[in-house]
Amino acid sequence: MNNVGTIPLETKRLMLRRLNLNDAQQMYDNWASDSEITKYLSWPAYDSIEQARAFLDYRTDSYRDPCTYDWGIVVKETKQLIGTISAVDFSGKVSSVEIGYVIGRNWWHEGYMTEALKKIISFFFTNTDVNRIEACHDCDNPNSGRVMHKCGMSFEGILRSRGYNNNGICDEAVYSILRTEYE
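Going by this note's numbering, the sequence shown opens with residue 17, and the numbers climb by one from there.
Incorrect hints may have been included.
[Claimed, not checked] Ranges between beta-carbon positions, derived for each pair:
1. 45 to 110: 32 to 42 Å
2. 104 to 70: 14 to 24 Å
3. 104 to 176: 17 to 27 Å
4. 73 to 45: 11 to 21 Å
5. 70 to 198: 33 to 43 Å
6. 166 to 64: 31 to 41 Å
7. 199 to 174: 19 to 29 Å
8. 196 to 52: 33 to 43 Å
9. 45 to 197: 17 to 27 Å
10. 18 to 64: 35 to 45 Å
11. 52 to 174: 33 to 43 Å
Everything labelled a hint here was simulated from the structure, so no lab data went into it.
Built from N, CA and C at the ideal position, the CB exists for glycine as well.
Please model the complete structure; the sequences and the hints are all you need to start from.
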């Protein structure tokens, strides 16, 4: 895969940009400390802002690698960092990428994640040679699947007891879009 790394992207309402150490407070306040949000994620809610700082320290170092794709999602109007969207897995043999995302509950049902995911799909198909983009969600979190569907991703099926998150072992619904379907 020809990697270009995390470059700034823009939509009508959002800026997608690299995270930085100054994001710790908003990250902690807006989603990372909320157990209702992290219950479908693989990492637990943060107990302190220090955990956000430690993650951001790690993430800012990782941006040196052009294989790192991790954007902070910022609402242009308010300058609020409301979540992240990332490439969480790659398969070079089949030229695919898996996308993961999280958004603070104050911004649920506003269309922000759909807007961000559409931009990321466009980015990968325009700037890399990725052939397949996929995303998975816990079957108990159907709103995430609705985001994927709105972005043109096709439901492929359910992988039983495939995932693990803060609720334990879970079934995962898989969605994807192929380059030929996008073009």
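Taking the hints in turn, this is what the structure says about them:
Residue 45 and residue 110 have their C-beta atoms about 39 Å apart, which keeps the hinted 32 to 42 Å range intact. For the hinted restraint 14 to 24 Å between residue 104 and residue 70, the CB-CB distance of approximately 19 Å keeps it satisfied. Between residue 104 and residue 176 the beta carbon distance is about 20 Å. The supplied range of 17 to 27 Å therefore holds. A beta carbon spacing of about 18 Å between residue 73 and residue 45 agrees with the range 11 to 21 Å that was offered as a hint.
Range check, residue 70 to residue 198: Cβ separation about 37 Å, and the 33 to 43 Å hint holds. Distance hint check for residue 166 and residue 64: the Cβ-Cβ separation is about 35 Å, which falls inside the suggested range of 31 to 41 Å. One distance hint, 19 to 29 Å for the beta-carbon pair residue 199 and residue 174, holds here, with the actual separation near 28 Å. A hinted range of 33 to 43 Å holds for the C-beta pair residue 196 and residue 52, which are about 38 Å apart.
Checked against the hint of 17 to 27 Å, the pair residue 45 and residue 197 fails, with Cβ atoms roughly 38 Å apart. Distance hint check for residue 18 and residue 64: the Cβ-Cβ separation is about 39 Å, which falls inside the suggested range of 35 to 45 Å. Taken as a hint, the range 33 to 43 Å is violated for the pair residue 52 and residue 174, whose Cβ atoms sit roughly 23 Å apart.
Violated hints, listed in ascending order, are 9 and 11; each of the other numbered hints is respected by the structure.
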